Amino acid sequence: MENYFQKEIETMAPEDMKKLQSEKLVKQVKHVYENVAYYRELMDKKGVLPEDIHGIEDLHKLPFLSKADLRDAYPYGLLAKPLEDCVRIQSTSGTTGRRVVAFYTQKDIDLWEDCCARAITAVGGTKKDVCQVAYGYGLFTGGPGLNGGSHKVGCLTLPLSSGNTDRQVQFMMDLSATILCCTPSYAAYLGESLKEMGYTPDTIPLKAGIFGAEPWTEEMRQGIEKTLGIKAYDIYGLTETTGPGVAFECSEQTGMHINEDHFYAEIIDPDTGEVLPEGSKGELVFTSLDKEAFPLLRYRTRDICVLSRKKCSCGRTLVKMAKPMGRTDDMLIIRGVNVFPSQIETVLLKEGYEPNYQIVVDRVKNNDTFDVHVEMTTEKFTDKVSDIMAMEKSLAGAIKTMLGINPTVHLIPPKSIVRSEGKAVRVIDKRKLI
Amino acid sequence: MAIKQLTVFVQNKKGTVVSVTEILSENHINLRALSIAETQDFGILRLIVNDENTAEAVLKKNGYLIKVIDVIGVKIGDEPGKLSEALAVLDKKNINVEYLYAFMARTEKHAYVVLRVEDNTTAEKALSDAGFRLISEEDINKL
Chain V
1 MENYFQKEIE
11 TMAPEDMKKL
21 QSEKLVKQVK
31 HVYENVAYYR
41 ELMDKKGVLP
51 EDIHGIEDLH
61 KLPFLSKADL
71 RDAYPYGLLA
81 KPLEDCVRIQ
91 STSGTTGRRV
101 VAFYTQKDID
111 LWEDCCARAI
121 TAVGGTKKDV
131 CQVAYGYGLF
141 TGGPGLNGGS
151 HKVGCLTLPL
161 SSGNTDRQVQ
171 FMMDLSATIL
181 CCTPSYAAYL
191 GESLKEMGYT
201 PDTIPLKAGI
211 FGAEPWTEEM
221 RQGIEKTLGI
231 KAYDIYGLTE
241 TTGPGVAFEC
251 SEQTGMHINE
261 DHFYAEIIDP
271 DTGEVLPEGS
281 KGELVFTSLD
291 KEAFPLLRYR
301 TRDICVLSRK
311 KCSCGRTLVK
321 MAKPMGRTDD
331 MLIIRGVNVF
341 PSQIETVLLK
351 EGYEPNYQIV
361 VDRVKNNDTF
371 DVHVEMTTEK
381 FTDKVSDIMA
391 MEKSLAGAIK
401 TMLGINPTVH
411 LIPPKSIVRS
421 EGKAVRVIDK
431 RKLI
Chain Y
1 MAIKQLTVFV
11 QNKKGTVVSV
21 TEILSENHIN
31 LRALSIAETQ
41 DFGILRLIVN
51 DENTAEAVLK
61 KNGYLIKVID
71 VIGVKIGDEP
81 GKLSEALAVL
91 DKKNINVEYL
101 YAFMARTEKH
111 AYVVLRVEDN
121 TTAEKALSDA
131 GFRLISEEDI
141 NKL
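These protein sequences, in sequence, are chains V and Y. Numbering-wise (my numbering), the first sequence opens with residue 1 and increments by one. Numbering-wise (my numbering), the second sequence opens with residue 1 and increments by one.
In case anyone wonders, no lab produced these hints; they're calculated from the structure. Remember, predicted model here, so these are calculated numbers, not experimental data. Mixed in with the good hints there might be a few duds.
Taking lysine-lysine and the DSSO-like style, the derived pairs with C-alpha atoms no more than 30 Å apart in a straight line are [said to hold, decoys possible]:
(1) V:Lys-430 to V:Lys-415
(2) Y:Lys-67 to V:Lys-393
(3) Y:Lys-93 to V:Lys-415
(4) V:Lys-311 to V:Lys-323
(5) Y:Lys-82 to V:Lys-393
(6) Y:Lys-75 to V:Lys-415
(7) V:Lys-231 to V:Lys-311
(8) V:Lys-393 to Y:Lys-60
(9) Y:Lys-60 to V:Lys-380
(10) V:Lys-350 to Y:Lys-67
(11) V:Lys-128 to Y:Lys-14
(12) V:Lys-384 to Y:Lys-92
(13) V:Lys-384 to Y:Lys-67
(14) Y:Lys-75 to Y:Lys-93
(15) V:Lys-231 to V:Lys-24
(16) Y:Lys-75 to V:Lys-384
Extracted from the complex, chain V is given alone in its bound form:
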């Protein structure tokens, strides 16, 4: 017996869904045009007026928004409600060091938490469950989103936040947590730690896990399911749209249902911007249909993806997205955190280094390693080992301040970063995720 959090929406007939989306879109475009000067200018430039949008079939007429727009409009340029109506911000890193700040009204928080509640219900969660949230809490959307969803379902919520494995294990065991929410790499790490402590899958109280915020493979899923003795489910989201819960996996585990009553998904050709038919591989674009404070229309995620409306055995009619298959930009996700190489460059220039660097990412024992190789400069070079090691440490600190995650910095001689065809290779990602 399949449980739904909002059955009427999750199993709505496609034509009714389209009608609902159309009604919401017409209202939303009007709201944005009237309240967001930045987007109004984009629409005016394209010669589109709110009256031209009669339904979801007219969506393609609207201009796109990109991460660059979010940077240009920082911090209030895309805000569609007076600040006094907003109750929360969440934030993620931007391309050049300027952060993305998303605003929420109470209604926005509610619909976000509903989305997360749908995800928790889809993995079998009910008010009888104990839900351990081991995503980071704070500016990062992972913790707050799942925490809110867990409340809505009525689970006993354990707000552990990330890290501190001993404490995670203690609460999991003492309070018999049944659902775990965290990044897949942390789930794998926790699984290994439990195994080392002598716990076998049958002694672990968990039954399901909701893991997202970074790419992971089918092999990783099987590994986690085996060591923890659970079913492991994927979840997708981005701060610009709302956070986790934009899409979630159901019992079928063959892709994620998009909460398309709130977030309308399109697949476009990343070069031409043309909308592609269902089943095509392209860039995923989201339109917020009813968010109030930060309603992005046609936001380009840069994730390469495929959508499918094939009938799902769980009974949900919500469109499904595949795991993202890559990016159209150079963004990396390291330990669940978005990293743009340009951010490293910004730090290097600020700290007096040449922008000659190489990022090496790998996954060792299910944990991302993050090494940054930086070329030493004539000005900074000294004959003392301790000075150079202190420089490495201080640079790692500056990068951590920018990104929120700690790299290992290696200072290396000038011109030792391999250049292929004259162009330096900035990123070496050794993780096999796709």
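Given chain V, put chain Y in place with the hints provided.
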């Protein structure tokens, strides 16, 4: 009185030292002393040579990151306890030695110690006051 030390920044990997010494030998530069400090990532080669100007120029030309700094050279007797005596002098004056390395003279019964300290003048005075002989660039060239 200070002597010149060539300091070269290299990656800690196979073959880096030999590529530096090969360049020096091709240019007929004689090594008087060589010391290596290394971490897992990088190494710092410290060299005393007979012609530091040429050595600096050829290594730079080959793309090496290089710095020439002043260090102190002290002549000490080649017998047990002599190095300790010199270090005790500096210790008494609260002079911190960042690093040191020693080399032997070919003919004389003497050893030479290269000392890297924060303030050369103070250290030099302390050592010469205590009767130690400091060596100069000229001495190095004659070795």
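Cross-check of the supplied hints:
Straight-line distance between C-alpha atoms of Lys-430 of chain V and Lys-415 of chain V comes to about 22 Å, which keeps the hinted pair within the 30 Å bound. For the given pair, Lys-67 of chain Y sits about 22 Å from Lys-393 of chain V by alpha-carbon distance, which is consistent with the 30 Å threshold. For the hint pairing Lys-93 of chain Y with Lys-415 of chain V, the CA-to-CA distance comes to about 43 Å; that exceeds 30 Å, so the pair is violated. Our distance criterion of 30 Å between C-alpha atoms is met by Lys-311 of chain V and Lys-323 of chain V, whose separation comes to about 18 Å.
Taking the CA atoms of Lys-82 of chain Y and Lys-393 of chain V, the gap is about 38 Å. The hint is violated against a cut of 30 Å. For the proposed pair Lys-75 of chain Y and Lys-415 of chain V, the alpha carbon gap of about 39 Å is over 30 Å, so the pair is violated. Of the supplied pair hints, the one linking Lys-231 of chain V and Lys-311 of chain V holds, its CA atoms being roughly 22 Å apart against a limit of 30 Å. With a C-alpha separation of about 27 Å, the suggested pair Lys-393 of chain V and Lys-60 of chain Y falls inside the 30 Å cut-off, and the hint holds.
Restraint check for Lys-60 of chain Y and Lys-380 of chain V: satisfied, since their Cα atoms lie roughly 16 Å apart, inside the 30 Å limit. Of the pairs offered as hints, the one joining Lys-350 of chain V and Lys-67 of chain Y holds, with about 24 Å between alpha carbons and a cut-off of 30 Å not exceeded. Taken as a hint, the Lys-128 of chain V and Lys-14 of chain Y pair is broken in the structure, with Cα atoms around 61 Å apart against an allowance of 30 Å. Annotation: proposed proximity of Lys-384 of chain V to Lys-92 of chain Y holds, straight-line Cα distance about 23 Å (limit 30 Å).
Of the supplied pair hints, the one linking Lys-384 of chain V and Lys-67 of chain Y holds, its CA atoms being roughly 11 Å apart against a limit of 30 Å. Taken as a hint, the Lys-75 of chain Y and Lys-93 of chain Y pair is honoured in the structure, with Cα atoms around 19 Å apart against an allowance of 30 Å. Annotation: proposed proximity of Lys-231 of chain V to Lys-24 of chain V is violated, straight-line Cα distance about 35 Å (limit 30 Å). Between the alpha carbons of Lys-75 of chain Y and Lys-384 of chain V the distance comes to roughly 23 Å, so the proposed pair stays at or under 30 Å and holds.
Hint violations for this structure: numbers 3, 5, 6, 11 and 15, all remaining hints satisfied.
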